[in-house]
Amino acid sequence: NAGVTQTPKFQVLKTGQSMTLQCAQDMNHEYMSWYRQDPGMGLRLIHYSVGAGITDQGEVPNGYNVSRSTTEDFPLRLLSAAPSQTSVYFCASSYDGRAKNIQYFGAGTRLSVL
Amino acid sequence: ILNVEQSPQSLHVQEGDSTNFTCSFPSSNFYALHWYRWETAKSPEALFVMTLNGDEKKKGRISATLNTKEGYSYLYIKGSQPEDSATYLCACPSPDSSYKLIFGSGTRLLVRP
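The listed protein sequences correspond, in order, to chains V and D. Residue numbering for the first sequence follows the numbering used here, beginning at 1 and increasing consecutively. Residue numbering for the second sequence follows the numbering used here, beginning at 1001 and increasing consecutively.
Excised from the complex, chain D in its bound form (with noise of 0.2 Å):
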């Protein structure tokens, strides 16, 4: 089973502050990588899908990117808003199967008005 693994698990942030949070996947037999935005009781909604190293995407004011030699990705919100507040996954598809999405356990990020 691949491991995928998020840090830190939860993050309070100061509105205004940047912030950035980390996924770590295995390197071996990379695929792709997904971003979701999950706020409580919501469904989770995609950010991004990266597939190449050294990929970055940006959407407003958050951004990602991918290193798929050492294994991690990263993602960053500049200005944090309190609408920011909300749990961050990321998922990459097991090796057995790429049909089948391996989600991390979560970022979960508060941020102060």
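So that you can see chain V by itself, here it is in the shape it has in the complex (with noise of 0.2 Å):
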């Protein structure tokens, strides 16, 4: 059971190029949400999905585009990359997003941004 997949682990970007970041889940999870960590802080909410077709914002969503087609998948869009968008990004989801239920992580990417 893969649980939550993120590509790629590792990215280096120049400042103002666009990547993508994928997340995918295979436990049939209607919720799923981006985080990023950066040293001395928590993990800060980006953007959020608690289902196919509907996202919300996070508490930093600045630069960061998402879409929910499928249940499966959340990726994380970044228009026109700035060095302080160098974090770790973490994709997770739980079965409705509801404070009581626990939240499955990726193994989280790495993004320089140059």
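Hints should not be assumed to be uniformly reliable.
To be verified - Calculated lysine-lysine pairs in the DSS-like style (CA-CA distance at most 25 Å, straight line):
1. D:Lys1078 - D:Lys1058
2. V:Lys100 - D:Lys1057
3. D:Lys1042 - D:Lys1059
4. D:Lys1057 - D:Lys1069
5. D:Lys1042 - D:Lys1058
6. D:Lys1078 - D:Lys1057
7. D:Lys1078 - D:Lys1042
8. D:Lys1078 - V:Lys14
9. D:Lys1058 - V:Lys100
10. D:Lys1069 - D:Lys1058
11. D:Lys1069 - D:Lys1042
12. D:Lys1058 - V:Lys9
13. D:Lys1057 - D:Lys1042
14. V:Lys100 - D:Lys1069
15. V:Lys100 - D:Lys1059
Quick caveat, the hints were computed from the structure, so don't treat them as lab data. Computed from a prediction, not measured in an experiment: that's the story for all the values here.
Hints are included, so try docking the two chains, each in its own frame, into the full complex.
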């Protein structure tokens, strides 16, 4: 059982480049989310989705776009990368997103923007 | 924005020591508290979700308590082992949406053999 799969594991971008971080889950979870983790800070929520076709903003959405066309996939797009977006990105999913349900995390994508 | 605070930031203990650390959160409008364990280069993994005042949960040598009236949770590790070395994160849902988890900055535990 794969769980939550993120690709790529590592990525280096130049300022202004765009890219998409992929996230897929095979647990039929309705809820999916993206976090970024920076040194000395906790995980900060970027965007989340409570089901296919529904997305909403988290704490730090600026500079990122998401879409949810299927239950399984929740890609995160950086339209014009900036050095401030250098971070480790985690995708997570849970059964329905309600706070009593645990979240399952992917292995992370380490992104450097030069 | 909900403020979830964890202390201490880091902790070094000797193998066999028992240890504990704290997660503090606003006591008003409490809904749930999550504890996650995050080893370097791995995914964070859920330890507990706690919802009721006075709740106590246990998983092996790790246990947690919850006091929603005063706004804190303790995580205890009994007889720490080097494999317990990790960052321990707690999180609560945001007051404006239970779909948004707000994480503390974590307690980094290092257990020396």
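Hints versus structure:
no. : hint                  : in the structure
1   : D:Lys1078 - D:Lys1058 : holds (11 Å)
2   : V:Lys100 - D:Lys1057  : holds (14 Å)
3   : D:Lys1042 - D:Lys1059 : holds (20 Å)
4   : D:Lys1057 - D:Lys1069 : holds (18 Å)
5   : D:Lys1042 - D:Lys1058 : holds (22 Å)
6   : D:Lys1078 - D:Lys1057 : holds (14 Å)
7   : D:Lys1078 - D:Lys1042 : holds (23 Å)
8   : D:Lys1078 - V:Lys14   : violated (47 Å)
9   : D:Lys1058 - V:Lys100  : holds (17 Å)
10  : D:Lys1069 - D:Lys1058 : holds (21 Å)
11  : D:Lys1069 - D:Lys1042 : violated (34 Å)
12  : D:Lys1058 - V:Lys9    : violated (33 Å)
13  : D:Lys1057 - D:Lys1042 : holds (24 Å)
14  : V:Lys100 - D:Lys1069  : holds (19 Å)
15  : V:Lys100 - D:Lys1059  : holds (18 Å)
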